[in-house]
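Assemble the whole structure, with the sequences as input and the hints as a guide.
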Amino acid sequence: MAITIFGLLLVTFLIARVMPIDPVLAVVGDRAPADVYEKARLDLGLDKPLWTQFAIYIAKVFTGDLGTSVLTAQKVTDDIKTVFPATLELATLGTLIGAVFGVPFGIFAATHQGRWPDQVARIVGLLGYSIPVFWLGLMGLLLFYAKLGWVAGPGRLSIAYQDFVDPITGIVMLDAALQGEWDAVRDAFSHLILPASVLGILSIAYISRMTRSFLINELQQQYVIAARVKGVPEWRVVWGHALRNAVVPLVTVIALSYMHLLEGSVLTETIFAWPGLGRYITNSLLNADMNAVLGGTLVVGAVFIAVNLFSDIIGRLADPRAR
Amino acid sequence: MQTLANKAEAPLLDIDNLKVDFHTPTGIVQAVRGLSFTLGRERLGIVGESGSGKSMTGRAILDLIPHPGVVGADRMLFRGQDLMSMDRKARRKLRGRHISMVMQDPKFSLNPVQTVGSQIAEAYRIHHKAGSREARERSLAMLEQVQIREPARVYDLYPHEVSGGMGQRVMIAMMLIAEPEILIADEPTSALDVTVQLQILKILDDLVSQRGMGLIFISHDLHLVQSFCDRVIVMYGGKVMETLPAAELADESARSRRHPYTLGLLNCLPDLDRPREKLPTLNRDPAWLA
Numbered sequence: 000m001a002i003t004i005f006g007l008l009l010v011t012f013l014i015a016r017v018m019p020i021d022p023v024l025a026v027v028g029d030r031a032p033a034d035v036y037e038k039a040r041l042d043l044g045l046d047k048p049l050w051t052q053f054a055i056y057i058a059k060v061f062t063g064d065l066g067t068s069v070l071t072a073q074k075v076t077d078d079i080k081t082v083f084p085a086t087l088e089l090a091t092l093g094t095l096i097g098a099v100f101g102v103p104f105g106i107f108a109a110t111h112q113g114r115w116p117d118q119v120a121r122i123v124g125l126l127g128y129s130i131p132v133f134w135l136g137l138m139g140l141l142l143f144y145a146k147l148g149w150v151a152g153p154g155r156l157s158i159a160y161q162d163f164v165d166p167i168t169g170i171v172m173l174d175a176a177l178q179g180e181w182d183a184v185r186d187a188f189s190h191l192i193l194p195a196s197v198l199g200i201l202s203i204a205y206i207s208r209m210t211r212s213f214l215i216n217e218l219q220q221q222y223v224i225a226a227r228v229k230g231v232p233e234w235r236v237v238w239g240h241a242l243r244n245a246v247v248p249l250v251t252v253i254a255l256s257y258m259h260l261l262e263g264s265v266l267t268e269t270i271f272a273w274p275g276l277g278r279y280i281t282n283s284l285l286n287a288d289m290n291a292v293l294g295g296t297l298v299v300g301a302v303f304i305a306v307n308l309f310s311d312i313i314g315r316l317a318d319p320r321a322r
Numbered sequence: 000m001q002t003l004a005n006k007a008e009a010p011l012l013d014i015d016n017l018k019v020d021f022h023t024p025t026g027i028v029q030a031v032r033g034l035s036f037t038l039g040r041e042r043l044g045i046v047g048e049s050g051s052g053k054s055m056t057g058r059a060i061l062d063l064i065p066h067p068g069v070v071g072a073d074r075m076l077f078r079g080q081d082l083m084s085m086d087r088k089a090r091r092k093l094r095g096r097h098i099s100m101v102m103q104d105p106k107f108s109l110n111p112v113q114t115v116g117s118q119i120a121e122a123y124r125i126h127h128k129a130g131s132r133e134a135r136e137r138s139l140a141m142l143e144q145v146q147i148r149e150p151a152r153v154y155d156l157y158p159h160e161v162s163g164g165m166g167q168r169v170m171i172a173m174m175l176i177a178e179p180e181i182l183i184a185d186e187p188t189s190a191l192d193v194t195v196q197l198q199i200l201k202i203l204d205d206l207v208s209q210r211g212m213g214l215i216f217i218s219h220d221l222h223l224v225q226s227f228c229d230r231v232i233v234m235y236g237g238k239v240m241e242t243l244p245a246a247e248l249a250d251e252s253a254r255s256r257r258h259p260y261t262l263g264l265l266n267c268l269p270d271l272d273r274p275r276e277k278l279p280t281l282n283r284d285p286a287w288l289a
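Just so you know, the protein sequences line up as chains A and B, in that order. Take the first sequence: its position 145, counted from the start at 1, is 144 in numbering that gives the first Met the number 0, and no numbers get skipped. Take the second sequence: its position 15, counted from the start at 1, is 14 in numbering that gives the first Met the number 0, and no numbers get skipped.
Among the hints, a few may not be true.
[Stated by the list, open to error] Stretch-level coverage of chain B by chain A, calculated; a stretch enters the list once three of its residues show a Cβ under 8 Å from a Cβ in chain A: (1) 90–96; (2) 101–107; (3) 121–132; (4) 165–174.
[What the hints assert, rightly or not] Residues of chain A placed beyond 12 Å of chain B at every Cβ, according to the derived structure: (5) Gly66; (6) Gly113; (7) Val119; (8) Asn244; (9) Thr296.
I should point out that these hints are in silico values taken from the structure, not numbers from a laboratory. Where is the CB? At the ideal position from N, CA and C, for every residue including glycine.
What follows is the structure, given as structure tokens:
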């Protein structure tokens, strides 16, 4: 764990240094006089040896200081406090949709292997994989927002509600609920559901295919035949015996899919004007705002480590051989 | 349950012209082609090479032939009841309760994420209206019957925590707890150490004779079948080559009466007191399958 985090810090730090971008220029602009440039360079500590810079960087990270973003002129930690919850709620709902639909689809396909439900699931999976997410997002907006008016448009909250909700957790729906603003909760959900579904369809495709193959693999095992010999009803053979054994790889797959969405989905966030982590990192990168990029990457890495740890723990609980 | 008189009458299993076909994209594969036999309260051995259809015969009796396979038979009666006309649900209810099977390797045939005790108890609770407490007690008693010394401790172990021999005892306990009349033992000792094999066979034999069950013992081990069974069916290519009393397998004087395939199998057995340079290869005659 500690080694992983150290490695993460080292790699992000080095990536920032080898980028062909002059961080000083990003601060002072390219028409600054030489003495101003030199002063900014000293302020950034770039005159010191690389390892000293790294040590200073680590010390700062551990005191919770990720520096200041050039682009937003705010502390990077403050920026992340607003963009990460936006991505978190999107990714969580997206993964939830993916798991709630994907797992049963996969089970259904596996138990009807080679027959028509399996073919339908295969085509749906293929579509989910191959439709570009930006196209799906635009079509979704066109149909459900512009034409049918079932959902709200881009952004996290309608302007009318924006001042009602004080950020507590940063997750708009939760904050609104905590403050008893139920109309705002509904409005926030209406904004969230379409982009989350777009991400969810991708997860459904992935999770259902994986569920199918894990379950087919388990259903071929000898212990499944033994269960049938005992006279166990088929639904219990599938849910109680085979699926129980597929839980470990399945949790890993769902966790992977969740991590993937937590990195921030730049395209989806762009189309839905969603102020999330993916868009934040991308914008910062395009503007050579290295503190922000570093901070964002660090968060993504930390989330990776945390989700991995979580799925390991579940795996250990679900499989007696791993204990 | 059934009366004694009823028990004595019809054979446990009466099978005539059993066929198992697999309809694959490249044509029909016939795994079993026209097998007929009856089983009483006896130990019936089925021997044959790999692919001779002996395992498929067991699966067909249990209605556990995998998807593209189709089972056909002129007659398949279990104690007079027609198995072919039963629906899937009725067949399932026979499994475990009346006809059961011990499989080859306990390492793979026990569910790795459930304790062995709960797997035995499950086999009991499917067929009996019993609370978890009663099922547990029954399972512990069953573990004792297969000569496991500390049933209460073993009950809570997972399959990877028990040895192969102990796993196979658990398997036998699991398959016999609902007191079936027929047990199919499909190579029950092939995955075990030679020293453990005899213990397991002894346990199996004791339980089968105590309960007056019918046993179908599927094996490729001629010595084992000869010493363990009453009657032997020799299979080749999905057909019965011959049926004979097990004792005659060892009987030198009866050799002239043997089917050439059986003779071929017997000749392939190396002998400790008569060393041989080369073991003969099996000659198979296509006419046997005609």
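Now for the hints, and whether the structure bears them out:
Check result for the stretch 90–96 of chain B against chain A: holds, 6 residues qualifying (beta carbon to beta carbon below 8 Å, three or more required). A stretch counts as covered by a chain when three or more of its residues have a beta carbon under 8 Å from one of that chain; for the stretch 101–107 of chain B and chain A the count is 4, and the coverage holds. With a threshold of 8 Å between beta carbons, the proposed coverage of the stretch 121–132 of chain B by chain A holds, since 4 of its residues qualify and at least three are required. Proximity of the stretch 165–174 of chain B to chain A, defined as three or more residues with a beta carbon under 8 Å from a beta carbon of that chain, is established by the 3 residues found.
With a closest Cβ-Cβ approach of about 48 Å to chain B, A/Gly66 is found to remain outside the 12 Å limit, as its non-interface label requires. Taking the minimum C-beta to C-beta distance to chain B, about 8 Å, the non-interface status of A/Gly113 is violated against the 12 Å cut. Here A/Val119 stays apart from chain B, with its beta-carbon at least about 18 Å from theirs, past the 12 Å limit. Distance check on A/Asn244: its Cβ comes as close as 6 Å (rounded) to a Cβ of chain B, failing to clear the 12 Å threshold; non-interface status is violated.
Non-interface status of A/Thr296 relative to chain B is upheld: no Cβ of that chain comes within 12 Å, the nearest being about 38 Å off.
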